[in-house]
Amino acid sequence: MKKILTAMALFLAAAMPALGQTADELALKASEMAYYQGKDGKSGVSLVVTDARGRTRRRDMTILRYDIQDNGEQKYYVYFHKPSDVKGTAYVVWKHAGKDDDRWLYLPALDLIRRVAASDKRSSFVGTTFTYEDISGRSPDRDHHELLEAEGDFHVLKNTPKDAGQVEFASYKVWVDKNTFIPMKAEYYDASGKAYRLIEVLEVEDIQGHKTIVKMKATDRNSGSSTIADFKDVVYDIGLKADIFTERYLRNPPRQWIKEGP
Amino acid sequence: MKKSGVFFFALLAAALLFAKPGRAEWTGLHGFAEQAFGLRLNDDKLTKRKTYNMLEQRLQLKSSYVFSQGPLSRWQGFFQWKGDFTLDEYFGEKTDFELREAFLNLNPEPFLDMKVGRQVLTWGTGDYLFINDVFPKDYVSFYIGRDDEYLKKPSDALRLSFYPQPANVDIVISRFAPNDMPEGDRLSFFDPFQGQIAGRTVDRVLLEPSRQAENLEYAGRIYRNFASTEAALYVFRGFDKIARSYKNEALRQLYYERQDVFGASLRGPFGGGVASVEGAYVRSPEDPHGDNRLIENSMVKLMAGYEKDLGGDLKIGFQYYYEQKLDYGAYARSLQPGDFLWDEHRHLLTQRLTKLFKGQTVAVSLFNFYSPSDHDGYLRLSVSYDLSDRWKLVAGANLPWGEDDWTEFGQMKKNKNIYFRARLSF
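Just so you know, the sequences run in chain order A and B.
Add 39 to a position in the first sequence, counting from 1, and you land on the number used in the working numbering.
Add 1267 to a position in the second sequence, counting from 1, and you land on the number used in the working numbering.
By construction, these hints were calculated from the structure, which means they are not laboratory data.
Nothing here was measured: the structure is a model prediction, and the numbers come from that model.
Glycine included, every Cβ here is placed at the ideal spot set by N, Cα and C.
There may be inaccurate statements among the hints.
To be clear about the criterion: a stretch of chain B counts as covered by chain A if any three or more of its residues have a C-beta under 8 angstroms from a C-beta of chain A, and this derived list gives those stretches [claimed, not checked]:
#1 1372 to 1386
#2 1574 to 1580
#3 1625 to 1635
#4 1647 to 1657
#5 1663 to 1674
From the derived model, a few chain A residues whose C-beta atoms are all more than 10 angstroms from chain B [as the list claims (entries may be wrong)]:
#6 Asp124
#7 Ser178
#8 Leu186
#9 Asp192
Using the sequences plus the hints, can you model the full thing?
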């Protein structure tokens, strides 16, 4: 029964653009597909950064996600496995709609929980070409959305920030897959209209009935750096509880979900 | 190497041998090797070496063992250890081993976590300033330019963490360990017995509380969140971590007087940044009326801090700290001719600035202490560069200064240094 409903929902959603889906609805749907599938989820993530001179750096982590409301409040837990000098570092984000997120960082060598002042969501996520917003999502209500002419299998959305002072881009375009509603590509433009930043989805897999991004790439044409993100062992609806995202588990990683590798 | 180190490693080797291969219960061996060198900016003839105050090699190893069977596995038990081998050229190639962590972590009930053994303990809201964090620190490492990790000294403790609704409770029972403070051979400081900044000529005895059950220390914290704001109450019964009181003046004996601390803190988002306030009443039970000239008086300590992310990987932070000696009149009246009269009030301001460059591989950091009441300060600068995921280079400077010789930073003024560290992590 549930499957039938899902299928119907997908069918209806797919049919909607033809019925005159608005740009705002499309932006919401794309955000939901990229960041809010299932009630919760777990993923191993490896980020490989390549700088302009071809040198690579690698970060491995486990990310736990817990949704309070679709396209709204969310909680994230990030545990770092590599590189070894940050192994054991944990990070909790309470993502809010309409106000700054709350972030805490745990540094195991000092047993220190630091409250992270984090108003700048456009800064690099742990030194990679991805920003915090690329990892945990940019709330659709921060932008004005405009539907451009479709290109092949993709709807094309042009997004202009409501508060230009908060971001480094003038606008960005997103190519949303007409069938899955997954945002497959995003291109960011500066004030002169130059496309300086690109995010591409390289692989999508079906996991527990959810079309899921398992590989994506960010390229910064200004610095010449790029980062490939691989999402491994993605699982949905594992029954996470809200208390995982608290000081207790920052100090003491939830071993049920986070396995220590060698 | 100390005997405890040899013993520990024999134990570890035995455990590794008996751990069945293929079960992967031991997580891998990690750590780093580091070479560090710290050059004095002004010759200090008072200390053992007049041109440098750090030249050492360090090997840190750590691992943990996850119990996969028996009662300890039902309690999600794991054992974790971390130890540092050092070869210290400053003290003539002295080798040493410091066990920084060796604890068993258990989760016997859904609402209870237990951590028993040697562990680093931290709480409170300050940035390099501590009011309710009464756990031992190493200020020698801080002033000579070792990594921030070494500012915290481990405690031998039992930590019980309860998670009932509506608030969480931490209880820590620990054995007393003093702060590592400058003692003259590596860093010169103000010696009240000599009435001046002194080095190797320092001749005094620091008496620690004897190791018996009645000298155990107790620290507690109750904390909870109100939406995004964190609130905490703290209580501590133990000893001052710095030997500030006199046991016997003629024998030059200082000791760690008893201390009780009752405090509170709040931390939460404010104006696009993070604001915090923390305060405590620090009671001196051996001198409750403040009229014993040999024992530290009770105090009130308060601080407020603010940190903000300005974007572009630039962060700034400010703190104001205030300290007041209570029963000051009684203290002043109790003094004898020739005694030193310490101030009643102390005001301290700190500024932090951190900026990251080159894909966050270069971090430039500035931290400044300035006391308008003591007319002294301490500037800490550092630049670190992550050459790769394994190699990290750090250069920095420690620049304490002061008009007088006896203030907290003024007494350190002959210890200005620049330092370099190269670290290979694995």
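The hints, checked one at a time:
1. 1372 to 1386: holds (count 4)
2. 1574 to 1580: holds (count 7)
3. 1625 to 1635: holds (count 3)
4. 1647 to 1657: Since 4 is at least three, the answer is holds.
5. 1663 to 1674: violated (count 0)
6. Asp124: With a cut-off of 10 angstroms, A/Asp124 comes too close to chain B, as the shortest Cβ separation is near 4 angstroms.
7. Ser178: holds (16 angstroms)
8. Leu186: Per Cβ check, A/Leu186 is outside 10 angstroms of chain B; nearest 30 angstroms; holds.
9. Asp192: About 34 angstroms separates A/Asp192 from the closest Cβ of chain B, which puts it past 10 angstroms; holds.
Hints 5 and 6 from the earlier list are contradicted by this structure; the remaining hints agree with it.
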